[in-house]
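Asks: Chains as they are written, first to last, in my numbering: chain C, 1 to 340; chain A, 1001 to 1388; chain W, 2001 to 2158.
The set of hints was computed from the structure by calculation and includes no laboratory data. Each hint should be verified, as a subset may be incorrect.
Just a sample of chain A residues kept apart from chain W, beta carbon distances all over 10 Å, derived [claimed, not checked]: (1) G1040; (2) I1212; (3) G1319.
To give a feel for the contact side, a few chain A residues facing chain C, derived at Cβ under 10 Å [as the list claims (entries may be wrong)]: (4) H1015; (5) F1188; (6) V1201.
We put the beta carbon where it would ideally sit given N, CA and C, even for glycine.
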Amino acid sequence: MDIIQFLLDLLFSEAVFVPLIFPGLLTLTVVIVVIIWFERKLAAKVQLRYGPLYVFKPLGGIVQLVADLVKFLFAELIVPKGADKRAFLLSPVILFTFSVAPVVAIPLSSGYAAVKSDLTLLIVPALLTLAPIFVLILGWSSDNKFSFIGGLREGYMMMAYETTMFVAVLAMAVTYSSLSLIDIAGKQSNGLWGIVLNPLAAFAFFVAMLMTTARFPFDVTEAESEIVIGPYTEYSGIYFGLCLGASYAKLYVLSLFFAVVFLGGWNPLIWPLNLNPILPGVAVLVKAFLVMLFCVFLRSVYPRFRIDQALQLGWHKLLALSVASVVLALVLIGLGFEVG
Amino acid sequence: MSEERFLELLIGPQHPGSGHMKITAEMDGDIIVGFEPNIGYVHRAVEKIAETKTYMQIIPLVERPALPDTANHNLGYTLALEKLLGIEAPPRAQYLRTLLAEINRIHSHLYGIGIHGIFIGSSTMFMWAFADREPWMELAQQLTGARLTYSYMIPGGVRRNLPEGFKDNALKATRYMERRLKDYDKLFVHNPVTVARLRDVGILKKNLAARIGVVGPTLRASGISYDVRKIEPYCAYPHLDFDVVVREEGDSHARLLVRVEEILQSIRIIRQVLDEVPDGPVFLESYIKLLSPKIREEAEKTQIMRFPATFAALKPPKGEATSRVEAARGEVFYYIVSDGSPQPYRFRMVTPSFRNVVAFKYALLGRRLADIPAVYGSLDYFPPEADR
Amino acid sequence: MKGAKTKGKPVVDVTGHLQAFGTGVKYLLQPRMTVRYPEVFQDFGPNYRGMLKLYTDRCISCTLCARICPSNAIKMYKTDARKYPGITYQRCIFCGFCADICPVDALEMSGVHDVAYAGLEEQVQKPEDFSKGPPIEKPPRKVKPMIDEKRGLRYERV
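With the rest of the complex left out, here is chain C:
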């Protein structure tokens, strides 16, 4: 049984398990199916109606997204005549890849992580900055004025949130004096989570997260009543699924990041989480899921902003807030506050 042991070892090794199974592609698919269902059901409950109900009635229609995915797979892929074919067909794939790629940096416990380096804190925001470029390419290559405007809007939104996000992450790096996600999560084991130590950074990062994943009220890129569905207008079939899935994948990755940096990661390490190096990841996933639930709930509460209002919010108020969070972190360090 050498070969089976070898395969099992290979499967559970960090380099294979984290990107592919947990919290990688397989978990991503399951989480996207469940969170979109949750979004529609939560919005429906607030709006006094049922939401998805009939696909598998005993479970309340939770398999609705699988039915939608199957429909997308069978739909015809239409490429517009004047579109730039290579860019049109490649950019959704690359967009989705860059939206999912940062998941490799998330540690599951202090001994189990795919990337063992001192700089894992920077990997997630750095890889996510590449995604909006491909939305711009999407919008341009579709040969449609509404897609073009939508792509430009995504470019503007990137301007709005990126600086804030990086400064908030800087504040957390200063607070914990470390750029490694494993270290940061480890230092939160004494019960003082990041959100308690530096609530300004948490809030600024949270709003920047809403902006980057196009959750309401920052749904500007896909504003349906103004620009049909923004840069994704000409896409059909599974490409459309990839485009919309990319923003949910970004939400998933950023929620995991938020859970590790601000919500204590896998702490507290109670039984049965300390039985196996993989199991603390379940706590991270649960916290990330709760953050995602909160983000998608906002769909039923807010209308959407205009692009110049979102930009003003990002540059005036959020940037000021995140700079204030850095100052708060410096004050905390200066007061000799020992973290972890």
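Fit chains A and W to the known structure of chain C by using the hints.
Replies: For chains A and W alone, coordinates are given in the frame of chain C:
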């Protein structure tokens, strides 16, 4: 290669945010520098068809263009027809007409607020407004037998009397609506995002509004207190006590607030009507006398009025008549010319949405692309009503 | 309500945000207002305007119904010496004028409003089919809408 600075956007009929009309917008970046609404996609020649139909057959025809607001259009036509025939409905019928007109005003305003909500992105407001139309449509169904296209008002009175238990149900619905309006306030009308989207957007100043001739809540939100129910009162309005809702700012948020306030005023009117409705017949005595005794008894028993045989080919004397009614979206104007035959010689209806189209051009020049749905929803423009 | 000015509210109006969010959470706990049609049918009461039934023995062939119909849905069909009305349901707008003008109560409106026909030919009904009335099926569950002060509309089993 010529250098083009302006982008021409065709927000045409196949667009989620355009309704049944085409908008040609010239954009300089995000700023609108040219705006042309192109209407007529739903023109069904109502006025011409009316020349081939008899006067009773025109009643459902006239309701169909303005679907959220059928009772007010029906009322306007019936008042003009009664002027031609030289008759007047009994007082109880006038009160019942007012009752249905105000119920219809409430659910038409809810429709407008809901569409405005979805245009700026709040799907919750859309679903709530349309869910809250249901109690009102159920009330109207108890009164008339249909949920939306009532055809309730006929020359000489109305078709049915108040059913049992109607007053309790109506008062319950009014109390429910008042409670819900408070929730609308917190979730949508004074939501900071909504206020940011709608405040100071699409301003129509007082002089401009008067000069270009807009009507309805659009006019009242620009500071001009003009309501046909106060200027040329009809039906039971001279005896009722209500306020005309006026705001000074003239922006989209003011128009939304005027609509919400008008729902409250309509609730006030409904309560007064139900308290003060006089007893008596609901249909003209001279028409009831034309019915056979058996049918008269049947009508008395079921309280559903029957038509005399002359209604199949009403022949009003030669002449012309006009009437004005305050529908939910503004003032409707009817003009009928009769030449003694069963069909009218000329039938003209001027609808409020048709008058408000011109406000698009003045409200949107110099604004941003994202303001188009915000202003569209606030003007409560209903294309089938404008195109007839 | 003449000219009341609204106060300026900045975008970071915290109470506004909290109130909107709180209202959203409050409605997560409210009951729904949807009727699961077609598993559940609504019973609108006895006077709902629906499809028609002709009582051939009462009809006196006065043709008033065909003359007043706003959409020309009723047409008279000649059978031996008399004429009886037939109806095209595609044109019927359920206004009830024909039932209200009939001088002998030969047309009666039922409460049935949702019958599906496989094609246009079935909707053109001669007096023989018209006199059978609409096909009344036994629905699985009927509820009656009642106006309720807390919930707007509440549905009671009938």
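Asks: Starting from the hint list further up, note which numbers the structure goes against and sort them upward.
Replies: none
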